Amino acid sequence: MTPVAVRRVRAGIAVSVPLVVAGLVVASFGSARVVNDSMTPTLAAGSVVVYDRLLPPARGDIVLFADPGGWADEPGAVLVKRVIGIAGDTVACCEAGTGNLVVNGQPLAETYIDAARPGGSIRFAVTVSPDGLWVMGDNRSVSRDSRSALGDDDHGTVPASAVRGVVRGAL
Numbered sequence: 001m002t003p004v005a006v007r008r009v010r011a012g013i014a015v016s017v018p019l020v021v022a023g024l025v026v027a028s029f030g031s032a033r034v035v036n037d038s039m040t041p042t043l044a045a046g047s048v049v050v051y052d053r054l055l056p057p058a059r060g061d062i063v064l065f066a067d068p069g070g071w072a073d074e075p076g077a078v079l080v081k082r083v084i085g086i087a088g089d090t091v092a093c094c095e096a097g098t099g100n101l102v103v104n105g106q107p108l109a110e111t112y113i114d115a116a117r118p119g120g121s122i123r124f125a126v127t128v129s130p131d132g133l134w135v136m137g138d139n140r141s142v143s144r145d146s147r148s149a150l151g152d153d154d155h156g157t158v159p160a161s162a163v164r165g166v167v168r169g170a171l
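For the sequence shown, the residue numbers in the UniProt record's numbering are 1 to 171.
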């Protein structure tokens, strides 16, 4: 290769690499506005969240997902909730005395909840489906979440395939 050809290759790489990286960042992340108070005090209505489209959700993460059917007042809504249980977990409400949720037999310490009964007032015990997530809002008294669909065939689980992303920050 001639010196001119080498410089052209280097220049092409110098331009291409940042464009590829920028494309990956745009494809990997998104943003959305929170429209209600179901996640307060963690996320207030009007907050803008940045989410990662590639990271798989884990217990404790906040996720965005397509409404699995009737949880929101508008069709096609995207909801924001916290993952309480993942595939195979047993989630129950509530531990005697504390009102805490119990996951796989262990009380869940939810420091982000500001309530006398952190697990809420609806009693339940479910095993999360192999391809599902059990989600709840942090503001349990107003949140429509997995508890709202306990009577459905999937017992309130959200298909992991419905997740649009894992929240990584809020503005």
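Simulated from the structure, these hints should not be mistaken for lab results.
A hint or two may mislead.
What the hints assert, rightly or not - The following label-pair restraints were derived from C-beta to C-beta distances:
1) Asp152 - Gly76: 17 to 23 Å
2) Tyr112 - Ala66: 33 to 39 Å
3) Tyr112 - Val50: 35 to 41 Å
4) Phe29 - Thr90: 56 to 62 Å
5) Gly76 - Met1: 27 to 33 Å
6) Asp114 - Asp152: 27 to 33 Å
7) Thr2 - Arg168: 22 to 28 Å
Since the structure is predicted, the reported quantities are computational estimates derived from the model, not experimental observations.
Cβ atoms here follow ideal geometry from the backbone N, Cα and C, with glycine treated the same way.
Tested hints:
Separated by about 18 Å at the C-beta atoms, Asp152 and Gly76 satisfy the suggested range of 17 to 23 Å. Roughly 24 Å separates the CB atoms of Tyr112 and Ala66, a value that falls outside the hinted 33 to 39 Å. Restraint check, Tyr112 to Val50: a C-beta distance of roughly 18 Å breaks the suggested window 35 to 41 Å. A hinted range of 56 to 62 Å is violated for the C-beta pair Phe29 and Thr90, which are about 33 Å apart.
Taken as a hint, the range 27 to 33 Å is violated for the pair Gly76 and Met1, whose Cβ atoms sit roughly 54 Å apart. The hint said 27 to 33 Å for the Cβ distance between Asp114 and Asp152, and at roughly 29 Å that hint holds. Separation of Thr2 from Arg168 is about 46 Å and departs from the stated range, judged on CB atoms against 22 to 28 Å.
When the structure is compared with the earlier hints, violations turn up for hints 2, 3, 4, 5, 7 and for no others.
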